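Participant: All chains should be built: construct the whole structure from the sequences, respecting the hints.
If you read the sequences in order, they're chains E and H. Going by the numbering used here, the residue at position 186 of the first sequence is 186; the numbering climbs one at a time, nothing skipped. Going by the numbering used here, the residue at position 156 of the second sequence is 156; the numbering climbs one at a time, nothing skipped.
Listing some non-contacts, in silico: residues in chain E with all C-beta distances to chain H over 10 Å:
{"hint": "1", "residue": "H16"}
{"hint": "2", "residue": "R24"}
{"hint": "3", "residue": "D66"}
{"hint": "4", "residue": "D69"}
{"hint": "5", "residue": "R115"}
{"hint": "6", "residue": "D183"}
{"hint": "7", "residue": "Y186"}
{"hint": "8", "residue": "T187"}
{"hint": "9", "residue": "D209"}
{"hint": "10", "residue": "R312"}
Which stretches of chain H does chain E cover? Using the computed rule of at least three CB atoms under 8 Å from a CB of chain E, they are:
{"hint": "11", "region": "147-161"}
{"hint": "12", "region": "186-196"}
{"hint": "13", "region": "270-282"}
Everything labelled a hint here was simulated from the structure, so no lab data went into it. What you are looking at is a predicted structure, and each value in this text was computed from that prediction instead of being measured. Cβ coordinates follow ideal geometry from the N, Cα and C atoms, glycine included.
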Amino acid sequence: MTKLRAGLIGTGTIAHSAHLPAMRYLRHDIELVAVADIRAEAAEAAVHEYGAETWYSDYRELLERDDIDFVDICTPEFLHCEQVVAAAKAGKHILCEKPMAASVAEADEMIKAARDAGVMLMIGHSRRFTDRYRNTWAAIAEGQIGNVQLVRENERRPVAMYSALDLNTGYWTPDGERPWIADPEYTRGAALTNAVHEMDLARWFAGSDADSVQAESRIAGENVEVADFLSYTISFKNGAIGAAEIVNNLPRAYPYFHMLEIFGDKGYAKAQDPAQSPYEIWRESGMSFPANFDQLLHIDNAYIREIGWFVRAIQFDAPPPLDPWDARQALALSLAAVKSSESGRRVYLSEMEPDGGAA
Amino acid sequence: MSNEPNLVIAGDNDLASETARHAISAGMADPVYLWRTTDDPLVSQAPVVILADPPERLGFARMALDAGNQVVSLPITDADQQIDDAVTAGRCSLVSRLHGLPTMSRLAADCRSGSYGRRYGVFAAHRIPVNFASELEDALFNLLVYVASLIDSPLVRVSATTSELGGQTTAAWFIIARFADDTIATIEVTAILPDSDQPNGELVVEVTGSDAVLRAEPERQSVMVNGSNGLRKFPWYAEPPEFLLAQALTMLQDKRVESHVSAMRLLQRSGDAAVSDQAVSTLP
Ligand SMILES: NC(=O)c1ccc[n+]([C@@H]2O[C@H](COP(=O)([O-])OP(=O)(O)OC[C@H]3O[C@@H](n4cnc5c(N)ncnc54)[C@H](O)[C@@H]3O)[C@@H](O)[C@H]2O)c1
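Facilitator: So, in C-alpha cells, the structure goes:
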C-alpha cells in the first residue's frame with residue numbers, strides 16, 4: 001500500500017500531544033511532509049521533533065503543494081471552515097479536529113465543499129475511537145442493556161485545562177495574554193471545548209438525534225471569559241434522555257473526573273474516572289492515583305485509530321469511519337445548549353438549522 | 001424542672017417515634033411531646049418538628065403555625081399561602097430525610113462552613129429500582145430540599161425534563177436550577193436501577209467550588225451481598241434519627257431563610273417547569 005503524504009495545520013497542544021505522535025506511530029502508512037502554523041516556534045518544534053520536511057507560517061502555501069494527499073487540521077474551530085474549504089478546493093482529503101466549526105451553516109459549507117471537490121472529510125471526534133467507548137457501544141448494539149433510556153456523562157477538569165501547563169507549546173494566545181480557549185471572541189466555552197464530545201457520545205449511545213435541550217451555564221473561574229460550567233438535559237427523538245454537568249475550572253489538585261452511566265431497560269453500563277482507581281495512595285498531602293491503568297478519558301491509541309482508519313478509508317476508497325454529519329449534529333446540539341443557557345428556555349434542534357427549521 | 005415539653009415531634013410513624021425516643025435518651029430535648037395526629041391538641045408552645053407521612057404534613061404545619069409555634073418539616077409540596085408566608089418570615093423551614101444520613105449531614109455542615117471557597121455548582125442524583133417508582137416523588141422532594149439547604153442564595157430559574165423511561169408513569173426527573181449567586185444545581189431522580197438493586201438505590205451529591213470539590217456517596221460504606229435475592233447493600237449506618245433531629249434543631253436556631261425559601265420554590269416550581277416544558281423564572 002502506498003504511503004499517504006500528509007500536511008498538518010496548527011501545531012499546537014493537540015497536534016503535539018496526540019496527532020503528531022500518532023502519525024509517527026503510523027509512519028509505515030503516513031509521511032509527514034509539511035506543517036503550518038502562524039507561531040514559528042510551534043511549527044519548528046514539529047519539524048524538529050517529528051521530521052516534517054518543512055514548515056509554513058501561511059497554511060495556504062502548504063495547500064499549494066501538489067505532493068500532499070491529506071491535511072490534518074488542528075487549529076481552533078473558528079478557523080475550521082475557512083481552512084477546510086480551502087483544503088477541499090486544493091483537492092486534499094481532510095481530517096479536522098472537533099468541534100466541527102463555529103456554526104451549523106459553516107459545518108454545512110464544509111460538507112458541501114468536500115462533496116463538490118470529491119475529497120474525504122472526517123471530523124476527529126477522538127472519543128469514538130477509544131476502546132472503552134467502543135466496547136460500551138458494542139455492548140449496547142448487542143442489546144446487552146436493552147433500549148437506552150438515559151445517558152449521564154459528567155466531566156470535570158482542574159484549572160490547568162486553561163493553561164496547558166504541561167505541554168511544550170502552550171495554547172495560542174491571540175492577544176499575547178489570554179488563550180483563545182478562554183476568550184469569547186474565539187470560542188463558546190465548555191459547550192464546544194468538551195460538551196461536544198459528550199453530546200456526540202450521547203447521540204451515538206442513544207442511537208437517536210436530539211429533539212431539544214435545556215441548559216444552564218456560567219463563568220465559574222476568574223481566568224476565563226467564556227462559560228466554563230455547563231449543565232444540560234437533552235431530550236432525544238426516541239425518548240431517551242442525555243444529561244451532563246461539565247465543570248472545567250476546579251482546584252489544581254482535582255483529577256480529570258469522568259462519569260459515564262448508560263441505563264437501558266434491561267441493565268446498565270457504568271464507568272467512572274478516577275474514583276474507582278485500581279490503585280490509590282493516601283499521603284499527608286492528599287490522595288493520588290498513580291496508576292489509573294485504563295482511564296476512560298485517556299487517549300492512548302484513540303488518535304492512532306482515528307488517523308489510521310481515516311488513512312485506510314482513503315487508501316481503499318471507502319467512506320470515512322465517522323460521517324461528518326454526526327459531527328455536524330453534535331455541533332448543532334452544543335450550540336443549542338449555548339442558546340438555551342443564554343435565553344433560559346428549551347431550544348429545539350430544528351431552530352439550529354441555517355434555514356431556521358423551515359425545511 | 002417544668003413538665004412543659006421543649007420539643008414537639010409530629011407524626012404517627014416509626015421515624016417520629018424513634019426520633020422522639022432518641023431525643024430524650026440522648027438528652028437532645030426532654031421532655032418531648034409526640035404529637036401523633038392533628039385530632040390531638042397541640043399542647044405546647046415548643047418548636048414542632050414534623051416527621052409525619054407526606055399527606056399529613058400540611059395539616060400539622062397549619063395547626064402549629066396557627067398556634068404560633070416555630071416549625072421544621074419534612075418536605076411540604078402543597079401550594080399553600082400560609083406556609084409560603086411562614087417560610088418567608090422564617091417561622092417554618094424544610095428539612096430533608098437525607099439530612100438523617102451521617103455522610104449527608106456532614107456534607108451539609110461542611111457547606112455551611114463554606115469549605116469549598118466560591119461555590120460553582122451542585123450535582124445530586126438519586127436512583128432507585130424500577131419497582132420502587134411509586135417512591136420517586138418522595139425521593140425527589142427530599143433531594144430538592146437537601147440541595148437547597150446547601151445553597152444560601154435565592155432560586156432564579158428552574159427547568160425540568162421528565163420521562164417515563166419507556167413505562168406508563170413518570171420515572172425520571174432532570175432538573176437544572178440556577179441561583180442568584182450563579183450556582184447551578186443539576187438534580188436527577190430516576191427509577192431506573194434493576195429491580196435486583198437495593199431499595200435505597202444510589203445517592204451521590206457533589207459540590208464544586210474554587211477551593212474544593214466535596215463528594216458524598218453514602219452507599220460506598222456498605223456490605224454488599226450478591227445472592228439469590230439479587231444485589232443487596234447493607235450500609236454501615238442505620239439512618240440514625242440523631243442526625244435528622246440535629247439538623248432540625250440547627251435549623252431552628254440558625255435560620256437560613258434564603259435557603260428555605262429556595263427549597264420551597266424548588267418544590268413548587270419544578271412541577272410547573274415540567275408541565276410547561278420550559279424554564280420557569282422564580283423571582284417575584
Ligand atoms: N479531540 C480532542 O479531544 C481535542 C483535545 C484538545 C483540543 N482539541 C481541538 O483541537 C483544536 C486545537 O486546540 P488546541 O488545544 O491544540 O489549541 P492550541 O492553541 O494549543 O493550538 C492551536 C494552534 O493553531 C495555531 N494557529 C492559529 N491560527 C492559525 C492559522 N491561521 N493557521 C495555522 N495555524 C494557526 C496556533 O498558533 C496554535 O499553535 C481545537 O478545535 C480543539 O477543540 C480536540
